[in-house]
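Sequences are here, hints too, so could you generate the full structure?
Numbering of the sequence shown is given in the numbering used here, commencing with residue 292 and proceeding in unit increments.
Just so you know, not all the hints are guaranteed correct.
Using 25 Å as the maximum straight-line C-alpha spacing, the simulated BS3-like pairs for lysine-lysine come out as follows [stated by the list, open to error]:
hint: 1; residue 1: K954; residue 2: K998
hint: 2; residue 1: K504; residue 2: K465
hint: 3; residue 1: K1070; residue 2: K1107
hint: 4; residue 1: K579; residue 2: K502
hint: 5; residue 1: K704; residue 2: K577
hint: 6; residue 1: K467; residue 2: K579
hint: 7; residue 1: K954; residue 2: K937
hint: 8; residue 1: K876; residue 2: K937
hint: 9; residue 1: K1070; residue 2: K1100
hint: 10; residue 1: K889; residue 2: K954
hint: 11; residue 1: K747; residue 2: K799
hint: 12; residue 1: K504; residue 2: K467
hint: 13; residue 1: K799; residue 2: K666
hint: 14; residue 1: K889; residue 2: K799
hint: 15; residue 1: K465; residue 2: K502
hint: 16; residue 1: K704; residue 2: K666
hint: 17; residue 1: K605; residue 2: K666
hint: 18; residue 1: K998; residue 2: K1070
hint: 19; residue 1: K504; residue 2: K579
hint: 20; residue 1: K937; residue 2: K867
hint: 21; residue 1: K516; residue 2: K577
hint: 22; residue 1: K516; residue 2: K502
hint: 23; residue 1: K1070; residue 2: K973
hint: 24; residue 1: K467; residue 2: K605
hint: 25; residue 1: K1008; residue 2: K980
hint: 26; residue 1: K516; residue 2: K504
hint: 27; residue 1: K867; residue 2: K934
hint: 28; residue 1: K516; residue 2: K579
hint: 29; residue 1: K998; residue 2: K934
hint: 30; residue 1: K998; residue 2: K973
hint: 31; residue 1: K889; residue 2: K867
hint: 32; residue 1: K666; residue 2: K643
hint: 33; residue 1: K998; residue 2: K1008
hint: 34; residue 1: K465; residue 2: K605
Quick caveat, the hints were computed from the structure, so don't treat them as lab data.
Here the structure is a predicted model, which means the values were calculated and not measured.
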Amino acid sequence: MGETTQCVALGTLFQDRLKMILEIVEKGQKSESNKQILRSTLKDMTPVVEEIKQYNEHLNPPREEINNLIKEKDAKEEFVCKSSSMNCCWEKCLSCLLYGFAHKRDDSFAIDDKQALMANDIKETLCKVREILELLSKENYQQKLSGVGAPMKCPFGVPENPEFTVGLDVPLSKLKMEVLNEGVSIIVLTGVGGMGKTTLATKLCWDEQVKGKFGENILFVTFSKTPKLRIIIQRLFEHCGYPVPDFQSDENAFNQLGLLLRQIGGSPMLLVLDDVWPGSETLVEKFKVQIPDYKVLVTSRVAFHRLGTHCILKPLVHEDAMTLFHHYALLEESSSSIPDEDLVQKVVRNCKGLPLAIKVIGRSLSHHPSELWQKMVEELSQGHSILDSDMELLTCLQRILDLLEDNPINIIKECFMDLALFPEDQRIPVTALIDMWAELYRLDDDGIDAMTIINKLNSMNLVNVLVARKNASDTDNYYYNNHFIILHDLLRELAIYQNNQEPMEQRKRLIIDINGNKREWWLGKKQKGVMAGIFPKWLEWCVKLKSPQAPAHILSISTDENCTPYLSHMQPAQTKVLILNLQTKQYSFPEFMEEMSKLKVLIITNYSFHPSEMNNFELLGSIRNLERIRLERISVPSFVTLKNLKKISLYLCNLRQALENVKMLISEAFPNLEELNIDYCKDMVELPKGLCDITPLKKLSITNCHKLSVLPQEIGKLENLELLRLSSCTGLEGIPDSIGRLPNLRLIDISNCINLRNLPENFGNLSNLQNLYMTSCTKCELPFSVASLENLKVVICDEETAASWEAFKPMLPNLKIDVPGVDVNLNWLHTISS
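Okay, here's the thing in structure tokens:
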């Protein structure tokens, strides 16, 4: 009786789902684009029918009506694919199918354990059908299937096309042959770390023949060591212009990804999965979807033999290695300082044809005397082959850092090692580094010293600097919100390796990675290819000390939703900088933060797609000496009292709850605040209440907050304000008259405030105003009072606004009107995955 009830319930569930599909089929007759998706959806029903067929064969006796269904389905499948009236034949098939399930009440339906297991499998298939129905639901039907929704407009996440490469023509040609072949396949591009796999994959995506075949359907995703699949797939949905689902599981995410790829895959498609680590083969296989002419290119340090065709990237031949070395060592640009050619040959041969080593060593030795070259040759000549293992490469590259110790910027080596505090394969905000280094090394707050160091590291190819949006005003007003650093994973390991050369009790940095069941503490235990340690080792070391306190001045913790409670044993009383790298929707601060009496800088970055909820945000109120906070993708629940806080930066945060909380004004929470930065906070419609009562405030930057429409009239109370940045607040319609009462205001940036109608009449009272940036403000009218801005030196604007300023130039003889170009580059957004 129980088996019969189970079958009837299964049949009823299946009947409900199929009726919903029939409703969609009826709608699908009116649009050719809908038919393509529906045909694919109905084709996916074939496994369900096959499972039912197997189920029927185990019945005693088999049901004849089900056999008739299978025969009818096979006979009419071709007709279904071609017919514009799919509903006609499928309705018969489905009704027959329902009949078969509805009459399973016979005593002959004796179901053994194997049959019950098969029924569970069918239920899982029905769950997948339900996910299809969710995606094709009535709510999003027109947007998703009719083609009205925002289409993919360009390849996804492909890095910039490398300007100079050597020795990649032959492997590129072979790779193109595999990619341009017809059919569905996975190609694995493998080679040792630093060999140029990502560079070759990038060149492939920019190749004219490849672009000619795949067009917009080129997707480039960085997989990394611990891929966050739901975040990757969410970003694909976002890029393609569809609502971003909140997936309940990785399996759910993959199911909906298949539907997305089918929808955008009307023409050939290329998916590049870059930097895939061992153990991810099963995940890669789930990206393989049966759509016409679909290619998956995998780059990895290891060969995944079961995935598909292999292309091995080999070391450069000596001639190509010399060419590459000459390029990065700038030997053609040198004169008397050119070393002996035999010395150059020795250096290059020690690099063993590894492009990364050639690039870094070449730039490091550029313009240095021959004695230093000779020293490098002696160093590199020690030990075994550089290609024996990644550890060999790390040892080789570590010696390059010795050159940094003699650098005029004596802290450049320390700054390089600080880059390892951030997660692998993630862009590092320059603004976060500025906050860190201002406290650790007493660099200036404006970021000039920090950018000098970053540019030096960039010139040595130790880092890559990316600028998301280049505005002429950025460097003038020291605005680095659009500047990011990308660090190669091998160079990150190099920085960690260098940090681990110090004795445990003298370590300046402690880097903790809690990810799933993995708990790695970079404390110096040698393993093949990396320098790693396990958390219990840290505990054992703490026990041996008289005081189990972490001596590190910088503590970096990376964790996801599987974070563990082990951190409660730590006592980082000496920590000055705390970096929390999150990948979770919910997070609670470690309790030890209450004891961090020396903490000055707190940087919290959430790398998930959605903002992270902080469960015990009030704990921050116990950190009395905290001076700088930077939050990214965090939901701020409320303000807490931090009397010593001088700077707070909020990037991509949700502020609605904090702004609506009337229990505490921002002036009560941060009475001594000197700098406030709010960027890309989409739910901010007005400035925080009480902001204008923070008289110590010197810098106020509200950018890319498109719902902000007005500023408070009380803004004139900020008598110490020196900088007001409102760029790209597209909803801003006016500036209060009280702004004329700000005697110390030197710089105003209203660039891209496209709905700003005018400047207030008393704008000319800003006697100390020196710089005004107002590109893309064509609607903004100038009051006659601007003629009184006698200290105004630079106005950066568009051509139409420049014409308005020309009328005042006779009264402002020192004024320079600049009409720059704007270079927008958003490739960085998807070159690194969360």
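Right, here's what the structure says about each hint:
1. Taking the CA atoms of K954 and K998, the gap is near 24 Å; set against the 25 Å cutoff, the hint holds.
2. As the CA atoms of K504 and K465 are separated by approximately 16 Å, the hinted pair is consistent with the 25 Å bound.
3. Of the supplied pair hints, the one linking K1070 and K1107 holds, its CA atoms being roughly 21 Å apart against a limit of 25 Å.
4. Restraint check: the Cα-Cα separation between K579 and K502 comes to about 21 Å, which is no more than 25 Å; the hinted pair holds.
5. Only pairs whose Cα atoms come within 25 Å are accepted, and K704 paired with K577 is rejected, the gap being roughly 42 Å.
6. For a cut-off of 25 Å, the pair hint linking K467 to K579 stands: about 19 Å separates their Cα positions.
7. The hinted pair formed by K954 and K937 meets the criterion: a straight-line CA distance of about 22 Å does not exceed 25 Å.
8. The hinted pair formed by K876 and K937 fails the criterion: a straight-line CA distance of about 28 Å is larger than 25 Å.
9. Restraint check: the Cα-Cα separation between K1070 and K1100 comes to about 20 Å, which is no more than 25 Å; the hinted pair holds.
10. A hinted pair counts as satisfied when its Cα atoms are at most 25 Å apart, and K889 with K954 does not qualify at roughly 28 Å.
11. Simply put, K747 and K799 have alpha-carbon atoms about 23 Å apart, close enough for the 25 Å limit, and the pair holds.
12. A hinted pair counts as satisfied when its Cα atoms are at most 25 Å apart, and K504 with K467 qualifies at roughly 11 Å.
13. Our distance criterion of 25 Å between C-alpha atoms is broken by K799 and K666, whose separation comes to about 29 Å.
14. Proposed proximity of K889 and K799 is supported: the alpha carbons are some 14 Å apart, at most 25 Å.
15. Between the alpha carbons of K465 and K502 the distance comes to roughly 16 Å, so the proposed pair stays at or under 25 Å and holds.
16. Simply put, K704 and K666 have alpha-carbon atoms about 19 Å apart, close enough for the 25 Å limit, and the pair holds.
17. Distance hint between K605 and K666 is unfulfilled; the C-alpha atoms sit about 28 Å from each other, more than 25 Å.
18. Of the pairs offered as hints, the one joining K998 and K1070 holds, with about 18 Å between alpha carbons and a cut-off of 25 Å not exceeded.
19. This hinted pair checks out: K504 and K579 have alpha carbons roughly 19 Å apart, not beyond 25 Å.
20. Restraint check: the Cα-Cα separation between K937 and K867 comes to about 15 Å, which is no more than 25 Å; the hinted pair holds.
21. Our distance criterion of 25 Å between C-alpha atoms is met by K516 and K577, whose separation comes to about 17 Å.
22. Among the hinted pairs, K516 with K502 is inconsistent with the structure: their alpha-carbon atoms are about 29 Å apart, more than 25 Å.
23. At most 25 Å may separate the alpha-carbon atoms for a hinted pair to count; K1070 and K973 meet this at roughly 23 Å.
24. At roughly 17 Å between alpha-carbon atoms, K467 and K605 fall within 25 Å of each other, so this suggested pair holds.
25. In summary, the hint linking K1008 to K980 is supported, as the alpha carbons are separated by about 13 Å, within the 25 Å threshold.
26. With a C-alpha separation of about 31 Å, the suggested pair K516 and K504 falls outside the 25 Å cut-off, and the hint is violated.
27. In summary, the hint linking K867 to K934 is supported, as the alpha carbons are separated by about 17 Å, within the 25 Å threshold.
28. Proximity of K516 to K579 is assessed by CA-CA distance (about 20 Å); at most 25 Å being required, the pair is judged to hold.
29. A C-alpha spacing of about 30 Å is found between K998 and K934, which places the hinted pair above 25 Å, so the restraint is violated.
30. For the proposed pair K998 and K973, the alpha carbon gap of about 7 Å is at most 25 Å, so the pair holds.
31. Proposed proximity of K889 and K867 is supported: the alpha carbons are some 5 Å apart, at most 25 Å.
32. A hinted pair counts as satisfied when its Cα atoms are at most 25 Å apart, and K666 with K643 qualifies at roughly 18 Å.
33. Our distance criterion of 25 Å between C-alpha atoms is met by K998 and K1008, whose separation comes to about 24 Å.
34. The hinted pair formed by K465 and K605 meets the criterion: a straight-line CA distance of about 13 Å does not exceed 25 Å.
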